[in-house]
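Asks: Listed below, chain by chain, are the residues.
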Amino acid sequence: MISLSRLTKKFGHKTAVKDFTFSAKKGEIIGFLGPNGAGKTTTMRLILGYLSPSSGTIIVNGLNPGRERVQMLQKIGYLPENNPLYPEMKVIEYLRFVSSLKKEEDLTTVIDSVGLNDVYDEKIDELSRGYKQRVGLAAALCGNPDILILDEPTSGLDPLEQKKIRDLIKRLSKYKTILFSTHILSEIEDVAGRVIIINKGEKIYDGIKPKQKGGVEQLFRRIVRDS
Amino acid sequence: MIILLKKELSYYLNNAVGYIVIILFAVFANFLFMRDAFVTGSVSMRSFFNLIPWLFLIFIPAVVMRSLSEEKRLNTVEILLTLPISETQIILSKFITHLILLFFSLFLTMLIPASFTILSGFYIPEIVIGYAGCLIMGASFISISLFFSSQTKNQIISFLLSSLGLFLLIGISSELFSSFLPKSMQDILIFLGPINHFQNFIKGIIDLRSVFYFTSISIVFIFLTIVQLEKRD
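Line by line, the protein sequences are chains A and B.
Residue 74 in our numbering is what sits at position 74 of the first sequence, and the numbering runs on without skipping anything.
Adding 1000 to a residue's 1-based position in the second sequence gives its number in our numbering.
One or more of the hints may lead you astray.
Said to hold, decoys possible - Partial list, computed: chain A residues near chain B (C-beta under 7 Å): (1) Leu48; (2) His183; (3) Ile184.
Claimed, not checked - Keeping only pairs whose Cα atoms sit at most 16 Å apart, straight-line, the calculated EDC-like set for lysine to aspartate or glutamate is: (4) Lys123(A) x Glu88(A); (5) Lys163(A) x Asp125(A); (6) Lys1072(B) x Asp118(A); (7) Lys132(A) x Glu81(A); (8) Lys1006(B) x Glu93(A); (9) Lys200(A) x Glu88(A); (10) Lys90(A) x Asp146(A); (11) Lys90(A) x Glu1008(B); (12) Lys25(A) x Asp118(A); (13) Lys170(A) x Glu189(A); (14) Lys90(A) x Asp118(A); (15) Lys1006(B) x Glu88(A).
Stated by the list, open to error - Sample of chain A residues lacking proximity to chain B, with all beta carbon distances greater than 12 Å (derived): (16) Gly37; (17) Asn64; (18) Ser100; (19) Thr108; (20) Lys164; (21) Leu172; (22) Gln218.
No lab work stands behind these hints, which were simulated from the structure alone.
In this text, all values refer to a predicted model and were calculated from it rather than measured experimentally.
All C-beta atoms, glycine included, are put in the ideal place defined by N, C-alpha and C.
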């Protein structure tokens, strides 16, 4: 579903992503782990065609994001970092806008699955942070995408809200490929099936998540220390 | 494209700012017309149309300034560019939305001239061509303002840059500026400025060179705005 080969992205003299190769199959939940500025967001933006690579190739659902971005995005849901939204729009207006562009008009399933039934007629600006995050997630789910790319989906949420979002991601994983980034090690342990650790733009670990409790934390500390 | 257009228009329909700016424009334009009619005692559409470029200088940047700068500030531009729509569709939908707003704003200024037409018998085709000139010149000003809006995250800077850009464009063809230059330069600058082209419409003349001039400005600045949106690195 997603295939990156020797992907490199430079911003001027700074290399944000270096020689990054990986592939993801249907039904995988992949957790991107790494310190701030490691290259997680840049890698996600490259997959979406929002940024273009300096070198290397990207294939998503058989399509090249550079040449076929619009067609490719039809079946990808994305929740950007810090969850930007249109504050002046009502929840339902915003979701209708996104779903119309994704050519899927039915919103009932999306609204039910993220729990927006109580607030769908309210202005986004008036919602709590937790609800705003759910709106962002609902927008990513519009159009029943095959691939979900979530950049720090639980950032800034209280523990209860974090758990709700994690549970939702786990439920969705039966039908979709999910790629999410996080700083929270326990989140990877709870949700992901596979872990990719990035540091200074380079992939330094790609494998099955350790099974024992606290295993991801130990792995992360060891790998970042050694790299 | 229609979906994007609906979203853009709904911002102005559901927001008091849109109505306020349009009504302010209409009130101000009608006031200037009435001032001419009652203070100077002359009823002429030409003096009214002559003020339009200067009104547009403030009005158009004020309406367009948020268009892309606000998308950049809130980072909603990342949402748009990761949805299945192209950069061209995004910019064209914003351009058409503002053109529709301009049409309604100009329509509101027609009420008083229309009533005077009934009373004093203005030549209607001349007025229609004058308004068509306002619309086509306004379209080129919208595209310039859109371009400046794509340059910054700050609405005020966007407004100032657009107004300054339009002021310079209008200014280069003014007598005040060109009188300091040699005759050959004056002719070139007068051709490059919008006033001379707009004058043709005010006189009731549809000069294809003027239509081409304003259309070219619109196309060039829409293209530059699309290129700016494509540059994300």
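Asks: All the hints need checking, so say for each whether the structure fits it.
Replies: Right, here's what the structure says about each hint:
{"no.": "1", "hint": "Leu48", "verdict": "5 Å, holds"}
{"no.": "2", "hint": "His183", "verdict": "19 Å, violated"}
{"no.": "3", "hint": "Ile184", "verdict": "22 Å, violated"}
{"no.": "4", "hint": "Lys123(A) x Glu88(A)", "verdict": "6 Å, holds"}
{"no.": "5", "hint": "Lys163(A) x Asp125(A)", "verdict": "23 Å, violated"}
{"no.": "6", "hint": "Lys1072(B) x Asp118(A)", "verdict": "30 Å, violated"}
{"no.": "7", "hint": "Lys132(A) x Glu81(A)", "verdict": "13 Å, holds"}
{"no.": "8", "hint": "Lys1006(B) x Glu93(A)", "verdict": "11 Å, holds"}
{"no.": "9", "hint": "Lys200(A) x Glu88(A)", "verdict": "38 Å, violated"}
{"no.": "10", "hint": "Lys90(A) x Asp146(A)", "verdict": "26 Å, violated"}
{"no.": "11", "hint": "Lys90(A) x Glu1008(B)", "verdict": "14 Å, holds"}
{"no.": "12", "hint": "Lys25(A) x Asp118(A)", "verdict": "35 Å, violated"}
{"no.": "13", "hint": "Lys170(A) x Glu189(A)", "verdict": "12 Å, holds"}
{"no.": "14", "hint": "Lys90(A) x Asp118(A)", "verdict": "13 Å, holds"}
{"no.": "15", "hint": "Lys1006(B) x Glu88(A)", "verdict": "14 Å, holds"}
{"no.": "16", "hint": "Gly37", "verdict": "17 Å, holds"}
{"no.": "17", "hint": "Asn64", "verdict": "15 Å, holds"}
{"no.": "18", "hint": "Ser100", "verdict": "5 Å, violated"}
{"no.": "19", "hint": "Thr108", "verdict": "20 Å, holds"}
{"no.": "20", "hint": "Lys164", "verdict": "22 Å, holds"}
{"no.": "21", "hint": "Leu172", "verdict": "18 Å, holds"}
{"no.": "22", "hint": "Gln218", "verdict": "35 Å, holds"}
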